[in-house]
Each structure stands twice: as C-alpha cells, then as structure tokens.
Amino acid sequence: MVIDYDKATNNLTIGFDGEIDHHSCNEIAVLSDDAIRKYLPQRVVFDFKNVRFMDSAGIGMIIGRYKQLLRFGGKAEMKNINNEIKRIFSMVGIFKIIPLVD
Amino acid sequence: MENEMKLEFKSKSCNEAFARITVAAFASQLDPTIEEISDIKTAVSEAVTNSIIHGYENQEGNIHIICKIEGQVLNVEVIDYGKGIENLEIAKQPLYTTKPELDRSGMGFTIMENFMDKFEVESIVGMGTKVKMQKTIVRKEEV
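So the protein sequences, as listed, match chains D and S.
Residue numbering for the first sequence follows the numbering used here, starting at 1 and increasing by one per position.
Residue numbering for the second sequence follows the numbering used here, starting at 1 and increasing by one per position.
Honestly, the hints are just simulated from the structure, not real lab data.
Certain hints may be false.
[To be verified] Cut-off 20 Å, straight-line C-alpha distance, at most; resulting in silico cross-link-like pairs (EDC-like, lysine to aspartate or glutamate): (1) D:LYS86 - S:GLU113; (2) D:LYS49 - S:GLU113; (3) D:LYS67 - S:GLU89; (4) S:LYS99 - S:GLU89.
[Stated by the list, open to error] Interface residues of chain D toward chain S, partial, derived using beta-carbon atoms under 10 Å: (5) LYS7; (6) GLY15; (7) ASP21; (8) HIS22; (9) ASN26; (10) ALA29; (11) ASP55; (12) ALA57; (13) MET61.
All C-beta atoms, glycine included, are put in the ideal place defined by N, C-alpha and C.
Sequences are here, hints too, so could you generate the full structure?
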C-alpha cells in the first residue's frame, strides 16, 4: 500500500495493491484510517492501479473510510479502476458519492 | 468433458484467496475468458467469506467446496456446517447485512446471483448453509 500526502494541496492518495477481500480489508482499513486521521486531508484519492482482485468486501471498506472522511468534511475520489472492479462498485451506485476520476 | 474435485479447508479468512484461486484453476480447463474467471473468483470469494463471517461467526469450522464440470458447465457448491440463515429472502436482498459494524456491504448474494448463471441457497438453522452456483463457459471460436 502506498500512502502519499501532498501538503500543498492537502490531498491524500491511498494506493491499494494486491487483492482486496475480507481477509486483507482489516489491515487496509487500519492503515487508511491512520493516514486520514493523521493528515485530515481535504481530499482523498483511492488509487486501484495495483489491485488485481476485489470482491464486495471492498465496497464496505471504501464506504467505511468515506464515513471517516465525512466527519471532518473531506471529499473522496477513486481512480484507475478496471472493468471488473467497476462492475462491483456500480452495483451499489458508489460513484455518485465517490466520483471516478482519471 | 466431465470432471470433479472436492476441497476441504478451515474457516480462516486467509483461505478465501486459496479457495477462489483453486476453483478458478479447476475451471481453467474449460478455457474461460479473463472476465469469466474473474466472475467465478468473485462469486466463490463471496460464498466462502459468508461461511466464515456468518456461518461460523469467525469460530473454527470446515468449509467444503465441490466443483463439477459437465460439458461446458461448471457447478460449484460451497458448504458450511455453521449456524444457518433464518430468513433467506431477507438475507438475499441487496444491501441487507446483519453485520454493518464490520463494514459489510450486504452485496454478497447479489454478486453471486449476478456473476453466475444460476444461483441457489439451501440453509437449515443450526445445521449449515449450501450455496449452489452454475456458470456455462461459452466455447470460443476455433482459430
């Protein structure tokens, strides 16, 4: 996982890697929440470039982090999502609250 | 083609990846597309995760997977001997979850239903749950 904070823009990029499932989500959630609390960013970009697999655990994990962010008014975006992952996220209409950007 | 395999493993979350990769490897003899393989992996991952979180509630138990290939059809059964599901109709509804505090989305059954061609759940409270899924792998044009 790559966590990259840009002080100038107050943007935090969280780059996931490998497989996102129920097993891996715990650690991903803890590391993401730590970074969000540490930097209190204005915007978080969830980057899926290096994700090989994701099931519905990823939906719950992203919504959980989004709720953390909402507490202090932060915004979220997602990028580099392949078609298979897009299909899963689209089922719950997640892009309406966390837009997909390029 | 006719083939069959059975898998038995403990209800540990690290086995979620093992289960979906093993079923995908077995299915690969039908020459599926990357998308078909991804559908199968996701559906199996959802079923196994349900058994671990809900069936056994993170206690130790055994999960069985039975895979059969008949022609171009793959049948997958994921079986646990856990607490079972009281109301299947409610459990199958999109976004319904008994464990929202665990960041669960409630989309597991919906994904299995959408990603596979046939999907069925049998459950007896106190006895366990069996998820039956089927996917036909479309034969590719001979080159």
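Can you name, in rising order, the numbers of the hints this structure does not satisfy?
Of the numbered hints given earlier, those the structure breaks are 2, 3, 5 and 6, listed in rising order.
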